[in-house]
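2 protein chains.
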Amino acid sequence: MAKQKKQPRPKAITPKGFRDYFGAEVDERKHMLDQIAAVYHRYGFDALESSAVETVEALGKFLPDVDRPNEGVFAWQEFDEKDNGDWMALRYDLTAPLARVYAQHRNDLPTPYRRYAMGPVWRNEKPGPGRFRQFYQCDADTVGTASMAADAEICAMLADTLETVGLNGDYIIRVNNRKVMNGVLEVMGVEDGPERDAVLRTIDKFDKVGEAGVRELLGKGRLDASGAYIDGVGLSDEQIETAISFLTSKKIVAEEIKNGPPNPDDRIPGGMGITYNDPEDGSVEAGRAMQWGVLDHLMRLVGNSEVGLEGLKELGEIVDLLSAQGYGPDRIEIDPSVVRGLGYYTGPVFEAELTFEIQDEKGRPRQFGSVAGGGRYDDLVKRFTGQAVPATGVSIGVDRLLAALRAKGRMGGKAVGPVVVTVMDKSRLADYQAMVSDLRNAGIRAEVYLGNPKNFGNQLKYADKRNSPVAVIAGSDEFDAGKVQIKDLVLGAKIAESATLEEWKERPSQFECDRADMVAKVREIIEASDDG
Amino acid sequence: MAKQKKQPRPKAITPKGFRDYFGAEVDERKHMLDQIAAVYHRYGFDALESSAVETVEALGKFLPDVDRPNEGVFAWQEFDEKDNGDWMALRYDLTAPLARVYAQHRNDLPTPYRRYAMGPVWRNEKPGPGRFRQFYQCDADTVGTASMAADAEICAMLADTLETVGLNGDYIIRVNNRKVMNGVLEVMGVEDGPERDAVLRTIDKFDKVGEAGVRELLGKGRLDASGAYIDGVGLSDEQIETAISFLTSKKIVAEEIKNGPPNPDDRIPGGMGITYNDPEDGSVEAGRAMQWGVLDHLMRLVGNSEVGLEGLKELGEIVDLLSAQGYGPDRIEIDPSVVRGLGYYTGPVFEAELTFEIQDEKGRPRQFGSVAGGGRYDDLVKRFTGQAVPATGVSIGVDRLLAALRAKGRMGGKAVGPVVVTVMDKSRLADYQAMVSDLRNAGIRAEVYLGNPKNFGNQLKYADKRNSPVAVIAGSDEFDAGKVQIKDLVLGAKIAESATLEEWKERPSQFECDRADMVAKVREIIEASDDG
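Protein chains in written order, with the working numbering: chain A, 1 to 532; chain B, 1 to 532.
Hints listed in this document are in silico derivations from the structure and should not be mistaken for laboratory results. Keep in mind the model is a prediction, meaning the values are calculated, not measured. One should not assume that every hint holds.
Below 25 angstroms or equal to it, Euclidean Cα-Cα: the simulated SDA-like pairs (lysine to any residue) are [said to hold, decoys possible]:
| hint | chain 1 | residue 1 | chain 2 | residue 2 |
| --- | --- | --- | --- | --- |
| 1 | A | K426 | B | A146 |
| 2 | A | K461 | B | Q387 |
| 3 | A | K362 | A | D378 |
| 4 | B | K461 | A | P390 |
| 5 | A | K382 | A | D86 |
| 6 | B | K208 | B | S395 |
| 7 | A | K16 | A | V26 |
| 8 | A | K454 | A | Q510 |
| 9 | B | K30 | A | P390 |
| 10 | A | K11 | B | K426 |
| 11 | B | K16 | A | E78 |
| 12 | B | K483 | B | E524 |
| 13 | B | K82 | B | R106 |
| 14 | B | K483 | B | D425 |
| 15 | B | K382 | A | G451 |
| 16 | A | K313 | B | D192 |
| 17 | A | K30 | A | F135 |
| 18 | A | K82 | B | E78 |
| 19 | A | K205 | A | K362 |
| 20 | A | K205 | A | P127 |
| 21 | A | K205 | A | E191 |
| 22 | B | K426 | B | K494 |
| 23 | B | K465 | A | Q104 |
| 24 | B | K426 | A | Q134 |
| 25 | A | K30 | B | Q387 |
| 26 | B | K313 | B | K426 |
| 27 | B | K426 | A | A324 |
| 28 | A | K11 | B | K82 |
| 29 | B | K30 | A | K313 |
| 30 | A | K313 | B | D431 |
| 31 | B | K454 | A | L109 |
| 32 | A | K16 | A | Q134 |
| 33 | A | K205 | A | R300 |
| 34 | A | K483 | A | S509 |
| 35 | B | K11 | A | N84 |
| 36 | A | K11 | B | K382 |
| 37 | A | K82 | B | K16 |
| 38 | A | K465 | B | R106 |
Could you build the full structure based on these sequences and the hints that come with them?
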């Protein structure tokens, strides 16, 4: 037999753009997703778990900014003798699979169908810092109803969710409507097609480049920060003014409220009925005045556009429904500057922003920004069935939301490790195991040190690495006397940190107790450190 | 522009061998995995979530019965200009990724490292009834210690897990040791290599073909049920007797216990010390006698084989440790007929079997069988690092365990749906939403009917499909009077089922109440039906 060539050792690395999650990272995400699921469940949404793998055909191509076939997804061809197997791919979001599931099972599902889904999705994109090719999404959608009550409900549920995970007062949900935008573009004379897409892409940059920047980009173009010249869309001055008036609706209305009604000739009969003597003090009432003022202003802009007026009516319904449930514009507001990248939205679109400041990588303060978004997409199921099926939903960026909770100090405390029963006498392993069993049976997280017990210092280092609250120690003296030593590692760490030992003097960091009292004593220390 | 060819509609189907999980299916699995995670956590195990995608190189080829490269896994090549991209694949289990994670992060992880992992794995195999290409695994492993205490702990934890999910008294965990088997094979004169593999494969069929079948297959061969002749391994009669004596150790020892000690000349000095007057009544004491008797019998069989004696010492340690923690052979027993297919096991192997009967597809009673298994694998990390890293672990078949819980009636009751607030007057949608808000804020799962409200019967059909406990009804009469109608759907269903209406007469299935009392009345009905 020929000598076998020695195989090189495989490299122990994750593929580029993938990562591992350890201990508290997994626990914290799970805790947050459990909280979110509880809210979704209370709203009547049912869990759905579709498989990670779909046919490429069923997934479709709805990723933004992707031109090449299969670009952006991980795809492969099924093995088939004739090289004719189906192409399969990992899902890139949870919406495309939902459309497939609904089309496949629509006769068995209730109508409307409220479902939530949580799980990883995969993107075959160039990884970057903090940008991974597998990440979690957490979606809730209602399929099969055109009622604005479904959109309003999703917004209310998103507000409840953000409050439940601990962001009360730290968010604003902004709502817009594609139909209103399309109405304004119609009035501006911007046709459906490449020009409209270019205008939408430009409007979407409002947050980044501001009013003056958008004005230039809609017109002749502008020099960017690097000195390169960016071509503009080439709209006329009048068109640009309409677009800017649309984008800055909130600012314009705020000024009108302050300075009295605009020229009465500008008002459209049948407007939303804003009263200009509403308070301006930032209260919920002031917010309501803003809300209706913005709708009124938009009514001027959409003129006689049918689609625009329809969109306005929808926004009015959403405001009404949310208001009846107590969600004022301090939590959910109309804001015409929300665009949302995805092309498949057909009506209301929404975005949740966190309003507190964090520091960017250069130490400058900036708003945390978007953590969730969604909208109405009435055509996704139609791809399969030929019949339009109205649907609306929201997707939460799980990693973004976790980062926000960590930034607010709501998460990321060091997790408490298990009690470690150390091993002084290897022949007594069965006795140590019995101790650990007693602790576990009392509901206390505990383990025997299973490494090489020769060096006792290594055992305490291990307990330290595990962030253990307590070490239990017993050698032959203790066994003979029916005793154990209890070492309070939380207190030990505090003493090590503290300059003055005085305050800890009365509490011993290690003491002896009867073996029979071990569980009670360990529990005392853990409960004391939970309080502290 | 040329007219675009109309695309055919995509098919709304899952790829072959994949499926969707709805509502209660997702909730029940999650509930079970949460229970298991709580046990693992109590034992000091930390969560680990590695990505679904690994390099093919890192995954290695450890699937049983797979010869072709990449067979059994879903794999694809990364896009690369030079067609030279890395091959990536979906993980086929949770053990291969653990070996990679440990090798990659070993300097940062505690030693020993106890971790658990739960999640889907993928197999590119021919799907069949109940056999899917994506399914859940749930593993716990201890890496970095050769101590038998780690193996004993895994067995104890598996027992606790099965009891926690509701299978107290319905399982047996059987433990064997590869080293003992290898020792016996050494004594038999069966060399490492193809012959030994063939013998192991045959022994693994003991459950299916029985003692006589194994005897034939180890010898000249046998006719199978279809009449085809299966070639045997070709062992001598003496070799076969030793193998059968090994496999049927429990039966032989049971007879020895009943009939008195065997010929003293057969005893090995330094045997495990079985006492032959132990009880035979099926008690834990009788089980202990069996346990040590089997070890004694195995000692006769391994003779002077060093590896065999080492394996026996390990099994003895496991029995000692488990016994100290109160796990008798009624829950965890030594059984030499356990083989476990995977080639990478190097020491103790274990298998959890459920001992209750179910009916097979032909209505014949059979034991439920295996739901979990594992063992010691000391060489998996070595692939990466060149240094042997001892490890041991267990994997639970999540779908099998769920099926078992459903078979025992511990799961699978119809989940209770949300309260449905029906819509009598579309213009009052905001009022209905306010009702639903009140219910949700009181922690009651509730929703407004968002379908077309025209046909009221459809709304009640919807509530029925959702398994709703209560429907709330309000039209203009109720709104004017500040009232709502409460329809008790649980009671309604009972009345519909029951032949005699007498027993329900006193409880009305629909009644009117003040709007202000709605939440309290709905809660009463839900709580009453929870008790019932």
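Quick one, are K382/B and G451/A close enough, alpha carbons at most 25 angstroms?
At roughly 18 angstroms apart (the allowed maximum being 25 angstroms), G451/A and K382/B satisfy the hint.
Check: Are K205/A and R300/A close enough, with their CA atoms no more than 25 angstroms apart?
Finding: Holds - the C-alpha atoms of R300/A and K205/A are around 24 angstroms apart, at most 25 angstroms.
Mind checking the alpha carbons of K82/A and E78/B for me, to see if they're no more than 25 angstroms apart?
23 angstroms, holds
- Are the Cα positions of K382/A and D86/A separated by 25 angstroms at most? Since the Cα atoms of K382/A and D86/A sit roughly 22 angstroms apart, the hinted pair holds (cutoff 25 angstroms).
Practice problem: Sort out whether N84/A lies within 25 angstroms of K11/B, counting only the CA atoms. | Solution: 17 angstroms, holds
Pair hint outcome, K454/A versus Q510/A [Cα-Cα no greater than 25 angstroms] | 21 angstroms, holds
- Query: Does D378/A lie within 25 angstroms of K362/A when you go C-alpha to C-alpha?
  - Reply: 42 angstroms, violated
Would the hint linking K205/A and P127/A be met if the CA-CA limit is 25 angstroms? 23 angstroms, holds
Taking 25 angstroms as the top limit, are the C-alpha atoms of K465/B and Q104/A close enough?
Roughly 18 angstroms separates the two Cα atoms, so the pair holds.
Straight-line Cα separation of K30/B and P390/A no greater than 25 angstroms? 30 angstroms, violated
Notebook entry, point to check: Is K483/B within 25 angstroms of D425/B, Cα to Cα?
Noted result: Since the Cα atoms of K483/B and D425/B sit roughly 15 angstroms apart, the hinted pair holds (cutoff 25 angstroms).
_Between the alpha carbons of K16/A and V26/A, is the straight-line distance 25 angstroms or under?_
21 angstroms, holds
The earlier numbered hints that this structure contradicts are 3, 9, 10, 13, 16, 22, 24, 25, 26 and 29.
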